[in-house]
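Numbering (the UniProt record's numbering), first residue to last: 1 to 180.
FYI, nobody ran anything at the bench for these hints, they're computed from the structure. Be a bit skeptical, because a hint or two may be false.
To be verified - Here are the simulated lysine-lysine pairs, DSBU-like style, with alpha carbons at most 35 Å apart:
1) LYS41 / LYS84
2) LYS174 / LYS84
3) LYS87 / LYS172
Said to hold, decoys possible - Listed next, with one range per pair, are the computed distances between beta-carbon atoms:
4) ASP175 / VAL30: 21 to 27 Å
5) CYS176 / PRO49: 36 to 42 Å
6) VAL165 / ASP123: 22 to 28 Å
7) GLN98 / CYS176: 18 to 24 Å
8) ALA160 / GLN98: 20 to 26 Å
9) GLU28 / LYS84: 18 to 24 Å
10) ASP68 / TYR124: 19 to 25 Å
11) ASP122 / ASP68: 26 to 32 Å
12) LEU39 / LYS81: 28 to 34 Å
13) GLU67 / GLN156: 35 to 41 Å
14) ARG51 / LYS172: 16 to 22 Å
15) VAL143 / LYS81: 25 to 31 Å
All C-beta atoms, glycine included, are put in the ideal place defined by N, C-alpha and C.
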Amino acid sequence: MWRLLWLGATIGGVAYMVSACRTSRSLETVQEVDLARYLGKWYEVASFPARFQKNCTCTSAEYKLNEDGTISVLNQCFDTKKGKWQKSTARAFVQNEQTKAELAVQFLWPFKGDYYIIALADDYSHALVGTPDRKYLWLLSRVPEMSEKTFAELTQIATAKGFDVSRLQRTKQKDCAPAQ
Numbered sequence: 001m002w003r004l005l006w007l008g009a010t011i012g013g014v015a016y017m018v019s020a021c022r023t024s025r026s027l028e029t030v031q032e033v034d035l036a037r038y039l040g041k042w043y044e045v046a047s048f049p050a051r052f053q054k055n056c057t058c059t060s061a062e063y064k065l066n067e068d069g070t071i072s073v074l075n076q077c078f079d080t081k082k083g084k085w086q087k088s089t090a091r092a093f094v095q096n097e098q099t100k101a102e103l104a105v106q107f108l109w110p111f112k113g114d115y116y117i118i119a120l121a122d123d124y125s126h127a128l129v130g131t132p133d134r135k136y137l138w139l140l141s142r143v144p145e146m147s148e149k150t151f152a153e154l155t156q157i158a159t160a161k162g163f164d165v166s167r168l169q170r171t172k173q174k175d176c177a178p179a180q
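Please take these sequences and the hints and turn them into a complete structure.
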């Protein structure tokens, strides 16, 4: 009996933690993403501070399509405190097949985090990615730097979608040594 209660409490606790990692708050995304065009390397131009990116410069993400339809994610940055490159891998899953703009990224099973593409250039040169709880926001570009005009346009979109852009921190992308 106690084992069943303990097992039920454990499963319930895990289920609660998984649901807490995802939010039901809405966030309007772009109407359509061509995943084949979205794949490839993106540079982080700015983001909200995140514990998992502390001391990071030269941050980038690379997306590749897996045979099973999921997306492999390789995030890397130069950790200025440790003096070396940090890498993390994950898998992303399309959550909205109609738009392909809502993804869930899984670094550690069973936990997934939201990844919503909320703005995307027609030529796929830059993107704005956020989470429905407005806790995370990333300005991404295909090249290490972005024009001030584009930066301002993306921050205006983020503000209109309820993000506090005063939290944005620019990501240093100059003088980056090649990743190891």
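Here is what the structure says about each hint:
no., hint, verdict
1, LYS41 / LYS84, "holds (20 Å)"
2, LYS174 / LYS84, "holds (16 Å)"
3, LYS87 / LYS172, "holds (17 Å)"
4, ASP175 / VAL30: 21 to 27 Å, "violated (33 Å)"
5, CYS176 / PRO49: 36 to 42 Å, "violated (20 Å)"
6, VAL165 / ASP123: 22 to 28 Å, "holds (24 Å)"
7, GLN98 / CYS176: 18 to 24 Å, "violated (37 Å)"
8, ALA160 / GLN98: 20 to 26 Å, "holds (23 Å)"
9, GLU28 / LYS84: 18 to 24 Å, "violated (39 Å)"
10, ASP68 / TYR124: 19 to 25 Å, "holds (24 Å)"
11, ASP122 / ASP68: 26 to 32 Å, "holds (29 Å)"
12, LEU39 / LYS81: 28 to 34 Å, "holds (31 Å)"
13, GLU67 / GLN156: 35 to 41 Å, "holds (39 Å)"
14, ARG51 / LYS172: 16 to 22 Å, "holds (18 Å)"
15, VAL143 / LYS81: 25 to 31 Å, "holds (26 Å)"
In this structure, the hints that do not hold are numbers 4, 5, 7, 9, in rising order.
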